[in-house]
Amino acid sequence: MRRAAAVAVVAVLMMAPPFLTSNQFLLHLAITVLLWTLLGVSWNLLGGFAGQVSFGHATFFGVGAYATMILYLRLGLAPWYGMALGGAAAVLVSLPIGLICFRLRGPYFSLSTLAVAEIVRLIALNWDALTNGPVGLLITALPPVRLGGRVLDWESKAPFYFIIAALAALAMLATWRLSRARLGAYLLAIREDEDAAESVGIDTVRAKVLTLALSAFFTGLAGGFYGLYFRYVDPDAVFPIALSVEMVFIAVVGGLATVIGPVIGAVFLTTLGELFRERFQVGHLIFYGLFMMLAIRYLPEGIWGGVRRVWAVKR
Amino acid sequence: METFVQSLVSGVLTGSLYAMIGVGLTVVFGVMRIINLAHGDLVMLGMYGAFWSHVLWRIDPFVSLLLWVPLMFLGGMLIYRFLLRSIIPGGELNTLLYTAGLSLLIANLALFSWTGDYRTIKLPYAITPLRPFGIAVPIPLALAFVLAAAITLALYLFLARTDLGRAIRATSQNAEAAALMGIDIGRVAMVTFGLGSALAGAAGVLLGPSLYLYPTVGEILIAKCFVIVVLGGLGSVAGAIAGGILLGLVESLGAVYVSVAYKDTIGFVIFLLVLLFRPSGLFGVGKS
Amino acid sequence: MALLTVSDLTRDFGGLRAVDRFSFAVEPGEILGLIGPNGAGKTTVFNLITGFLRPTSGQIFLEGRSIVGLRPHAVIRRGIARTFQLVKPFPRLSVRENVTLAAFTHEPTRRRAEELAGQLLERMGLGDRLDAPAADLTLGAQKRLEVARALATRPRVLLLDEPMGGLNPREVDEASVLVKQIRADGVTVVLVEHVMKAIMRISDRVVVIHHGEKIADGPPDRVVQDPNVIAAYLGTRVA
Numbered sequence: 006m007r008r009a010a011a012v013a014v015v016a017v018l019m020m021a022p023p024f025l026t027s028n029q030f031l032l033h034l035a036i037t038v039l040l041w042t043l044l045g046v047s048w049n050l051l052g053g054f055a056g057q058v059s060f061g062h063a064t065f066f067g068v069g070a071y072a073t074m075i076l077y078l079r080l081g082l083a084p085w086y087g088m089a090l091g092g093a094a095a096v097l098v099s100l101p102i103g104l105i106c107f108r109l110r111g112p113y114f115s116l117s118t119l120a121v122a123e124i125v126r127l128i129a130l131n132w133d134a135l136t137n138g139p140v141g142l143l144i145t146a147l148p149p150v151r152l153g154g155r156v157l158d159w160e161s162k163a164p165f166y167f168i169i170a171a172l173a174a175l176a177m178l179a180t181w182r183l184s185r186a187r188l189g190a191y192l193l194a195i196r197e198d199e200d201a202a203e204s205v206g207i208d209t210v211r212a213k214v215l216t217l218a219l220s221a222f223f224t225g226l227a228g229g230f231y232g233l234y235f236r237y238v239d240p241d242a243v244f245p246i247a248l249s250v251e252m253v254f255i256a257v258v259g260g261l262a263t264v265i266g267p268v269i270g271a272v273f274l275t276t277l278g279e280l281f282r283e284r285f286q287v288g289h290l291i292f293y294g295l296f297m298m299l300a301i302r303y304l305p306e307g308i309w310g311g312v313r314r315v316w317a318v319k320r
Numbered sequence: 308m309e310t311f312v313q314s315l316v317s318g319v320l321t322g323s324l325y326a327m328i329g330v331g332l333t334v335v336f337g338v339m340r341i342i343n344l345a346h347g348d349l350v351m352l353g354m355y356g357a358f359w360s361h362v363l364w365r366i367d368p369f370v371s372l373l374l375w376v377p378l379m380f381l382g383g384m385l386i387y388r389f390l391l392r393s394i395i396p397g398g399e400l401n402t403l404l405y406t407a408g409l410s411l412l413i414a415n416l417a418l419f420s421w422t423g424d425y426r427t428i429k430l431p432y433a434i435t436p437l438r439p440f441g442i443a444v445p446i447p448l449a450l451a452f453v454l455a456a457a458i459t460l461a462l463y464l465f466l467a468r469t470d471l472g473r474a475i476r477a478t479s480q481n482a483e484a485a486a487l488m489g490i491d492i493g494r495v496a497m498v499t500f501g502l503g504s505a506l507a508g509a510a511g512v513l514l515g516p517s518l519y520l521y522p523t524v525g526e527i528l529i530a531k532c533f534v535i536v537v538l539g540g541l542g543s544v545a546g547a548i549a550g551g552i553l554l555g556l557v558e559s560l561g562a563v564y565v566s567v568a569y570k571d572t573i574g575f576v577i578f579l580l581v582l583l584f585r586p587s588g589l590f591g592v593g594k595s
Numbered sequence: 419m420a421l422l423t424v425s426d427l428t429r430d431f432g433g434l435r436a437v438d439r440f441s442f443a444v445e446p447g448e449i450l451g452l453i454g455p456n457g458a459g460k461t462t463v464f465n466l467i468t469g470f471l472r473p474t475s476g477q478i479f480l481e482g483r484s485i486v487g488l489r490p491h492a493v494i495r496r497g498i499a500r501t502f503q504l505v506k507p508f509p510r511l512s513v514r515e516n517v518t519l520a521a522f523t524h525e526p527t528r529r530r531a532e533e534l535a536g537q538l539l540e541r542m543g544l545g546d547r548l549d550a551p552a553a554d555l556t557l558g559a560q561k562r563l564e565v566a567r568a569l570a571t572r573p574r575v576l577l578l579d580e581p582m583g584g585l586n587p588r589e590v591d592e593a594s595v596l597v598k599q600i601r602a603d604g605v606t607v608v609l610v611e612h613v614m615k616a617i618m619r620i621s622d623r624v625v626v627i628h629h630g631e632k633i634a635d636g637p638p639d640r641v642v643q644d645p646n647v648i649a650a651y652l653g654t655r656v657a
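Residue numbers (this note's numbering), protein chains in the order written: chain A, 6 to 320; chain B, 308 to 595; chain C, 419 to 657.
Calculated directly from the structure, the hints in this document are not laboratory data.
Small disclaimer: the values here were computed from a predicted structure and weren't measured.
Hints are not guaranteed to be accurate.
Said to hold, decoys possible - Cross-link-like lysine to aspartate or glutamate pairs, in silico, EDC-like; alpha carbons within 16 Å at most: (1) C:506 to A:198; (2) C:506 to C:580; (3) C:615 to C:631; (4) C:506 to A:200.
Start from the sequences, fold in the hints, and give me the full structure.
Rendered as structure tokens:
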């Protein structure tokens, strides 16, 4: 009962901001925080629960973004359907990537995902016919949408806020369901010791591939959202190593293998970073680096892990 | 034919510097089994060191080696002693993540302090290239090559002939046995990390006059570094040298004969192939 | 028909032939000891049987069906379980969770899986530590945990890889009793061991491997007197 009440409160809080303010900067900040929450939660499925630390998740973000943009600009597909298909495209791409990269373990897996991400970025940069190369893709204006009598013209940020909040909530729900399911238990075993997991009858390949697909799906959705919100994508915006790395940091600093961890990480790091960026323009990732180092040294279970430990002691 | 030789020469020259970066990373891996993601940023610091000592004090970059190499050696030892030493027992992945954090910290502090504007080190003697046998060889690159070769030779002699060098090699092969033989592996680790950092810094100083400087260049450099080190075999100095030169050649020839656009891709594809099919690389010692 | 048959099993690592046309059969209800000097290939044989390694050539049959080429999890589900020479618990997971995960192979719900896990752990004397992280256990307790984990997959054959390594004499005796109990419950056991006293006492039959080849196969007291075996391995005498 208390758990349900807490969830309800959080849900209300999440939906509140557009009603509390029409300050476009604050809404933009909130949207950015939620976008990174979605990314952190998505990454956490594979990196936190399954223990497969990917440094190349930007691949799925970029694929989702480009798929959405291309489907709208070239094929006229309604953008928000395109976003869903962007997620699907990311899932498709995740299959061969998993096939290649899952043959490796630990840091070697991580490095291989980095290499794949760079290859994909370079392809996007050079395959002009498909992606427009370094010039990128631009949506001048999103088509207005009829919603229950009102017409949304996408001028205000509020509708975007609700969409990203819903996506983030969906990802968090998926994480929660996974953590309670047998697959979630299997993933934690794989994270501890893959060979031992095989030796108790766990199909580790199937578990990893499924988890990667789920993780890629949500990351792809985030990419699609990004494209429609910023209305411009280019290879360096959606495929850079920095983006992959930031996803890792958010999840690690917040707390791996938990539902709330990446949320905390995103709120904390993104807010700090964006505020810093407002003031100083460059170098906002200083905090990411600093807190990652502090987390690994003093709080390996992340901020949420630390909070839970303090609560447990107090009982 | 001339184009071929030209790109061959460019490839080897650039490759020698890649090699030096790779040697620094691989030596650290060999002794401590850690992959230092901040290595590329240490190169960046060397580059900026050469830049600032040139701009502020009019010191020629190649002369500034005498200043920056010892400083980076010291800096590396301090990083090991006060930051890394307590992290390493936490495991490979934790250390990897920690150095990722360090990398971001260094790069962004640099970004904050020096802005993201591209810098160049302009040298009066860099304008006209040498032309032995009609092949254009930029003077800074040639100087860099010669010095890189000299430093690598010095490193080889150090590892092969001195007690400390032998201690480093022993620890690299079997840390436990080395400890039982009375080698202070804590000290060896600290010196090795200093060495790796010094090599990175030196590579940065040497590369400075030939590249555009920007604070996040470490990102691309570390990515190339992996290709080199995995190709040559993690832990093998000879492998890193071979890998570096090979990468330089692949990029140079690739740019001419395949396509300028995809030349960087080739490196990563090779990297993936090596990881998958011959993870110990050409000469590797590390476990896969 | 033999329960587990290994036939001309060969495994090369580059130029090194670790297992060389190795053949043996295990009858249902047997306790088979597999011995040999260090590096003889014993753990490699286990890895080959359980799918962690693929044979270069040769056959492996469980109840007449080939299991070559199956991934480890599939081999486990067919009914062969194993423990590891160097214990591999899931360190941060609880003792109970370690076994529950294995119980999932045959129990459909978490409740039933946890029940089975609890029962097995009780039998192994770990019933008082169900919620402790596996990493906190002593070596002996971790070995018993690994056995419980393997048994939770309801195997027909249990491969034990040096279960007595690192145990004191009292623990070795307890482990010997445990192995016999497991056999009494209907599980066939193949046991790799260096502790000769235990092997000789509890094995029905002993197979000796040396440089990847079988050099003896028979009841313990006969094998012990085989000159080839003595030459390769046993040295002077057996207690």
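- Keeping to a limit of 16 Å between CA atoms, is the pair of residue 506 of chain C and residue 580 of chain C held or broken? Since the Cα atoms of residue 506 of chain C and residue 580 of chain C sit roughly 13 Å apart, the hinted pair holds (cutoff 16 Å).
- Query: Given the proposed pairing of residue 506 of chain C with residue 200 of chain A, does the C-alpha separation stay at or below 16 Å?
  - Reply: 8 Å, holds
- Below or equal to 16 Å on CA atoms is what counts here, so check residue 615 of chain C against residue 631 of chain C. 23 Å, violated
- Item | Agreement of residue 506 of chain C and residue 198 of chain A with the hint, judged by alpha carbon distance not exceeding 16 Å | Answer holds: residue 506 of chain C to residue 198 of chain A is near 7 Å, not above 16 Å.
This entry does not satisfy hint 3, going by the numbered hints stated previously; all others are met.
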